[in-house]
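Undergrad: Residue numbers (my numbering), protein chains in the order written: chain D, 126 to 457; chain U, -2 to 254; chain R, 4 to 380; chain L, 17 to 197.
Hints were generated in silico from the structure; no laboratory data involved.
Worth double-checking, as some hints may not be accurate.
[What the hints assert, rightly or not] Result set (SDA-like, lysine to any residue): computed pairs, CA atoms no more than 20 Å apart in a straight line:
| id | chain 1 | residue 1 | chain 2 | residue 2 |
| --- | --- | --- | --- | --- |
| 1 | R | 63 | U | 201 |
| 2 | D | 157 | R | 143 |
| 3 | R | 184 | R | 287 |
| 4 | U | 76 | R | 247 |
The structure displayed is predicted, hence computed values, not measured ones.
So the chains spell out like this:
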Amino acid sequence: MLETIVVPLAKIVVLLNAVLVAVTFLVLMERKVIAWAQSRLGPMRVGPYGILQAIADPIKLILKEDITPRKADKYVFTLAPIMSLVPALVVFAVVPFGPDPFYYLSDINVGLLFIISVTSIGVYGIILGGWASNSKYPLLASLRASAQLISYEIAVTMTLVSVILTTGTLSLVGIVEAQREGGLWFAFVQPVALMLVFIGGLAETNRAPFDLPEAETELTGGFHTEYSGMRFSLFFLAEYANMIVISAIVVIMFFGGWLQPFPNVPALAFLGFVPPWIWFIGKIFLFLYVFIWIRATLPRYRYDQLMALGWKVLIPVAIGNLVVTGILKVAL
Amino acid sequence: MADETKSQSGQDGADSRPRAAGAGSKVAEKPAAAGKPAAEAAARKPAPKPRPKPKPKAPPEPPKAPEDQAPPDGMELPKMVTAVQAGAPGAVQQVSYWVGDWTVIVAVDRLLDVMRFLRDDDSTSFDYCSDVTAADWPPREKRFDVVYCLYSTRLRHRLRVKVRVGEQDPVESVTQLWPAADWLEREVYDQFGIDIVNHPDLRRILMPEQWQGYPQRKDYPLEGPGELLMENPQDWLRVRNLPDEAGAGADADVEIE
Amino acid sequence: MTLEAPRASTTQFDTDELVINMGPQHPSTHGVLRVVLKLDGERVIDADCVIGYIHRGIEKLSENRDWTQIILLTDRMDYVAAATNNLGYCQTVEKLMQIEVPRRARYLRTVLAELQRIASHCLWLGTHAMDIGAMTVLLYAFREREFVLDLFEEFCGARLTYNSMRIGGLPLDIPPGWDKKVLSFCDLMEGKLNDYETLLTNNRIWLKRTRDVGVISGDEAIGLGLCGPPLRGSGVPRDVRKDEPYAAYDELEFNVPLGTRGDTYDRYLIRMDEFRESIRLVRQAVEGIPEGPIMGKVPRLIKPPAGETYHAIESPKGELGYFIVSDGKSTNPYRFRVRPPSFCNLQGLKRLVTGHLVADVVALIGTIDIVLGEVDR
Amino acid sequence: MAEAIVFWTLAVLILGLGIAVISARSAVHSVLFLVVNFLLVAVLYVTLNAEFVAVIQVLVYAGGIVVLYLFVVMLVNLKKAPERYADPRRVPWTGTLLAGAVLAEVIAIGVYSTVSSDGAAATGGGLGADTPFSDCGSLVSCNTEQLGWVLYTSYLIPFELASMLLLVAMIGAIVLAKRHL
Chain D
126 MLETIVVPLA
136 KIVVLLNAVL
146 VAVTFLVLME
156 RKVIAWAQSR
166 LGPMRVGPYG
176 ILQAIADPIK
186 LILKEDITPR
196 KADKYVFTLA
206 PIMSLVPALV
216 VFAVVPFGPD
226 PFYYLSDINV
236 GLLFIISVTS
246 IGVYGIILGG
256 WASNSKYPLL
266 ASLRASAQLI
276 SYEIAVTMTL
286 VSVILTTGTL
296 SLVGIVEAQR
306 EGGLWFAFVQ
316 PVALMLVFIG
326 GLAETNRAPF
336 DLPEAETELT
346 GGFHTEYSGM
356 RFSLFFLAEY
366 ANMIVISAIV
376 VIMFFGGWLQ
386 PFPNVPALAF
396 LGFVPPWIWF
406 IGKIFLFLYV
416 FIWIRATLPR
426 YRYDQLMALG
436 WKVLIPVAIG
446 NLVVTGILKV
456 AL
Chain U
-2 MADETKSQSG
8 QDGADSRPRA
18 AGAGSKVAEK
28 PAAAGKPAAE
38 AAARKPAPKP
48 RPKPKPKAPP
58 EPPKAPEDQA
68 PPDGMELPKM
78 VTAVQAGAPG
88 AVQQVSYWVG
98 DWTVIVAVDR
108 LLDVMRFLRD
118 DDSTSFDYCS
128 DVTAADWPPR
138 EKRFDVVYCL
148 YSTRLRHRLR
158 VKVRVGEQDP
168 VESVTQLWPA
178 ADWLEREVYD
188 QFGIDIVNHP
198 DLRRILMPEQ
208 WQGYPQRKDY
218 PLEGPGELLM
228 ENPQDWLRVR
238 NLPDEAGAGA
248 DADVEIE
Chain R
4 MTLEAPRAST
14 TQFDTDELVI
24 NMGPQHPSTH
34 GVLRVVLKLD
44 GERVIDADCV
54 IGYIHRGIEK
64 LSENRDWTQI
74 ILLTDRMDYV
84 AAATNNLGYC
94 QTVEKLMQIE
104 VPRRARYLRT
114 VLAELQRIAS
124 HCLWLGTHAM
134 DIGAMTVLLY
144 AFREREFVLD
154 LFEEFCGARL
164 TYNSMRIGGL
174 PLDIPPGWDK
184 KVLSFCDLME
194 GKLNDYETLL
204 TNNRIWLKRT
214 RDVGVISGDE
224 AIGLGLCGPP
234 LRGSGVPRDV
244 RKDEPYAAYD
254 ELEFNVPLGT
264 RGDTYDRYLI
274 RMDEFRESIR
284 LVRQAVEGIP
294 EGPIMGKVPR
304 LIKPPAGETY
314 HAIESPKGEL
324 GYFIVSDGKS
334 TNPYRFRVRP
344 PSFCNLQGLK
354 RLVTGHLVAD
364 VVALIGTIDI
374 VLGEVDR
Chain L
17 MAEAIVFWTL
27 AVLILGLGIA
37 VISARSAVHS
47 VLFLVVNFLL
57 VAVLYVTLNA
67 EFVAVIQVLV
77 YAGGIVVLYL
87 FVVMLVNLKK
97 APERYADPRR
107 VPWTGTLLAG
117 AVLAEVIAIG
127 VYSTVSSDGA
137 AATGGGLGAD
147 TPFSDCGSLV
157 SCNTEQLGWV
167 LYTSYLIPFE
177 LASMLLLVAM
187 IGAIVLAKRH
197 L
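So that you can see chain D by itself, here it is in the shape it has in the complex (with noise of 0.2 Å):
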C-alpha cells in the first residue's frame, strides 16, 4: 500500500509543485536575465532585487477577470489551455533526476517515446485555443503554430533516435548510464544530433527566434490573444515548462542527466560531493539561460524561412546524421 499508493503520490505532489514553482521563477529569471540583457535592471518594487515578483505574478494572474468572448467556443475555449498545461507536466513522470528510484516515478522502457508523444499531445491546446476565440489572428497564429510544431517534431524525434541507435534503449535511465559507461557525454559522440534536438527544441517551445505563433508584433500575441486571468495564465505556466522539459531532455540525451562532468575521470571524482539531482538541475537551467539569452539576442525568423529550415534544412540532415550513426554502428 505504502510502496504502491503513498509514495507515488507524494513524489507526484511534490513533483507538480516543484515544476509550476520552478515555471514562476523562471519567468522572474528571463526577466532579469533579459533585463540585464538590455542594461535595464528589470522587477525591483516586489521584494528584494524584485525577488518576489515571481509570487505576484501568479497572484495578479489568478485574481484577473477571466474573458470569454461572446461568440468564442466556450467548451472548447476552457479545455484548451488545460490540454496544454497537462501534457507538460506529465511528461516529468518519466525525468530522472537521480540514479536510484527515489529520484523519479517510474523509469519504463519507452520513457523516451513516452515524452516525444505526450508533448505532441500538448499542440492541441494552441490549436484549439487559437479556434475556439473564434478571432482571426488567434486563428492564423493557431495555424501557423500546428504547421512548426508538426514539421519541427519530426526533426526532433528523427535526430533522438540515432541516439537511440547510440545506446540501444529507450529508457530515459538507460541512456544515462550509457553515457556513465562510456564515460563519455552524447553532446561529444554526437555533436550534431545535439544542434538539431536544441534548434528543434526551441521551435517546439515557440521560442525565439522561432515564437511565431505568439509574435505579438505581428500576430498581436498569437493564439492566446483572446486569452485572460488564470487561462492565460495556463498557456504561460505550459510554455515555460515545456522550456524545462526541452532542457531536460538535451541534457538527459547528451549532457550526462544527473552525472558530473567526466565521470570516469579520476582527478575529478571530488566533484562527486554534489549530489546527482543538483547537476542535473543546474544543467537544466544552464539551458534555460541560453534560451533566454537567445531571445534577448536574436530577430524573429518569417513563417515560410522557418519552415523551410525544418523541412529543408533540418529533417535531411538529421536523416543523414541517422545514416552515418547507422553506418558507424555497424562498422565499429
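Based on these hints, arrange chains U, R and L on the given structure of chain D.
TA: Here is chains U, R and L on its own, set in the frame of chain D:
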C-alpha cells in the same frame, strides 16, 4: 481561406472603425447642409439642458482674389516655363513668380496635356509629384485653386502648376502620370470637395467615410458638426446607430471620455 | 471517377481570401494606422491603408492662428522630430517675408535638425528591429535617444514638443557648455552605432528578414512619390539638403548614402549611414558655430506680403514641404498646407506589401518609418 | 478481476466516445472526441503490456494524424456541407449493408480465434527460442526489442510492402493536391 468559418468573428473589414465612423455616419443622416450644421444640431438638442447656442464664428472676410504676382519686368522666363508655353500652346494662362518660385496657371481642360508635356519633355522632365493641394477663395466664381508642386529629380528644378476651378468643375486626375498623386488627390477631394475625375479610388481619406461637408473650405465652421455631437453625450447616444444594450448610459460615459 | 473529379470538388471548397484588420490597435502599426489586408493563406494580395484616426485638422487650425502660434502646432505633426517641423515652417515664412537669418542661427538650426534626425532614427531603429523580433535593439536605441532628448531639454526646456525655433532665428542662445556636451554625445553615439550594427547588420536572421523584402526600383519609387530614405534606398540621389540647401548645409560637408537594390535591408543600411553622416554634420556645425546674433531683423508684427510659396526641407522621414499662402492682410496664413513625408511614403505601402507575407507587412511598415501624427495631421 | 473492470470501463468509454464522434454537431468537437478515443485505446494497449504500441498510438494517431484532421476541419466550412453535397442517388441501406458486413467479419474473426486452438501461437508470430531476447524475464521489460525483432525477421516483406504502400499513397496525395508541380 478561413473566413468562411470565421466570418462571424466581427473583425471584418467594414465594421471596425467604431468611434469615428459611428459618429460620422450619424452626421450623415442629418439633412444639414454642409455650411450650417452647427446651428442645426444645436436646434435639435433636447430641452432639459439648454446649452448656449454655439455661434459659429463668421469666417473673416476673404480677399477677393488670390495674389499671383507677375514676374518683375525684364526678368527672363526660365527654360521650363518657355518650354511648356511652346509645348502646349495656349494652355498657360498666366505665369507667376514670387520669392523664387515659378508658377504657371493653366486652363483646367488642358491640364493633362500640360502635365504630360511637363513630365515627358526633356527640358522639363518633372518626374516627381511633390504635392497636390488646393486653396479656397469663396467669393470668386472659380473658387478653388488646385496646386500641383512638381519637381525634377534629374534637372533638380521645381515648378508649380495651378488650375482654377469652380465648385462643380471636374478636374482630371493626374494619377495616370504620377501614381504619387493618388492619396494627395484623395485628400483634395476629402478636404475641399473638388471633383476629381478618372481617379482610380476616390474616397475620403482623412475624414470618416460618411462625413458631411469639406473641412478645408473657408465656409466650413471651425467648430464642426461632429465635435458638436461629441460634446453632448445625450445627443450623441440618441443618434448613435449601435444596438442600445443595457447599461448603455454607463457605457457611454466611458466612450465619451 | 476520373482524376479531374477531386479537383472539381476542391474548387468548390476553395475558400475566399481572409480579410484581416491590422490596426488601428496593433503593436506594429506605429500608432493608429489601420491596414486592411486581404490574405491568401499568409500572402498579402491586397492592402488598403485607412488613416485619419488622429486627424486634428492642423492645417485648418493653423489658418486660424497667427504666424508665431503655428510653430507650436507644427510640433504636433511629426512628434518624434518636432525641431525639423519647426525649422521647415520658420524657413517657409522667412522665405515669404524674405528675412535674412543670421549665420549663427543657421548653424544652430542645423545642429538641432541633425540631432533630431539622430533621435528620430533611433526611434525608427528600435521599433523596426522590435517589429522583426530583435527586442534588445529597441532598448539600446531608446537609451541613446534619451541623450538627445536631454540635450534638447537643456536647450529649450522640453523633451518632445520643443517649439524651438522662431521666425527669423532662434528664441534662445545655447546654454554655456552645451556644445561640448553635444560633441561628447557624438563620440558616444558613434560607439553605440557599432553596437547596433553588431546585433543586426550581419545577423543572418536579420538578413533573411530584410533582404529582397519590399524591393522597389528607383523609377517606381519616384513615381510613387516616395521620399527620404525609401527613395534613396532605391538608388535615387535625392536629398533636399543637397539639392536645395537650406540652413547651413551648403557650408558643411556630408554624403548622401544611396542603396542599390531598393529592399528593406538597403533602407536599413542607409539610415545607419545617415546616423554617421548626421554625427559628422553635428560635429562640423558645432565646431563651426560663428559668433553673432541669433535673431534676424523681424518686424514686430509678422504679416508677410500677399503671395504664396512652397518650401521643402529634408526631415528624417523625407521631403517635408510647406505650402503657405498669405493674403497680406490678416495675421494668419490664408492657406497652410503641409506636404507630410510619412503620408507620401505610406502611400507606397500597398505596392510594397503586395505579394509578401503578413510578417513582412510589419517589417515594411517599419522600413518606411511613419509617424501617424504627421500622416493624419 | 481488476483487469476486467478496467477493460470493461475502457470498452464502454471507447464505444461511447466513438458514438460521440459521429453524433457531435460541431466537427471540431468530433475530432476532440476522436482524440480522447485514441488516448483511451492507448490505455487499453498498456493494460495488454504493449507499451510500445500504446506510445506509438498516441504519437502517430493522437499527436499526428488527428492534428491534420483538425487542420482540415478548421479550414473548411462544414456547416453548409450536407446540403451542398447531398447526393440524391444515396441509398440509405447501402451503409447498413456495409456496416453489417464489417460486423460479420469482426465476429467471424473473433469466433475463429477462440475456436482455433493454436490461435495464440499464430498471433505470437515467429518469436521462437532462437531470438536474442529469450533471456528477457518477461514480455514487459523488452517488448520493444521483441517487436523490432519480429518486424524485421518474420514480417520483413509485409513491413516493407506496407511502407512502400504508404510512400505511394503519399506521392499520390501530393500529385492530386498540387495543381502544377
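Undergrad: Evaluate each hint against the coordinates.
TA: Taking the hints in turn, this is what the structure says about them:
no.: 1; hint: 63(R) - 201(U); in the structure: holds (17 Å)
no.: 2; hint: 157(D) - 143(R); in the structure: holds (16 Å)
no.: 3; hint: 184(R) - 287(R); in the structure: holds (14 Å)
no.: 4; hint: 76(U) - 247(R); in the structure: holds (19 Å)
Checked against the numbered hints given earlier, this structure breaks none of them.
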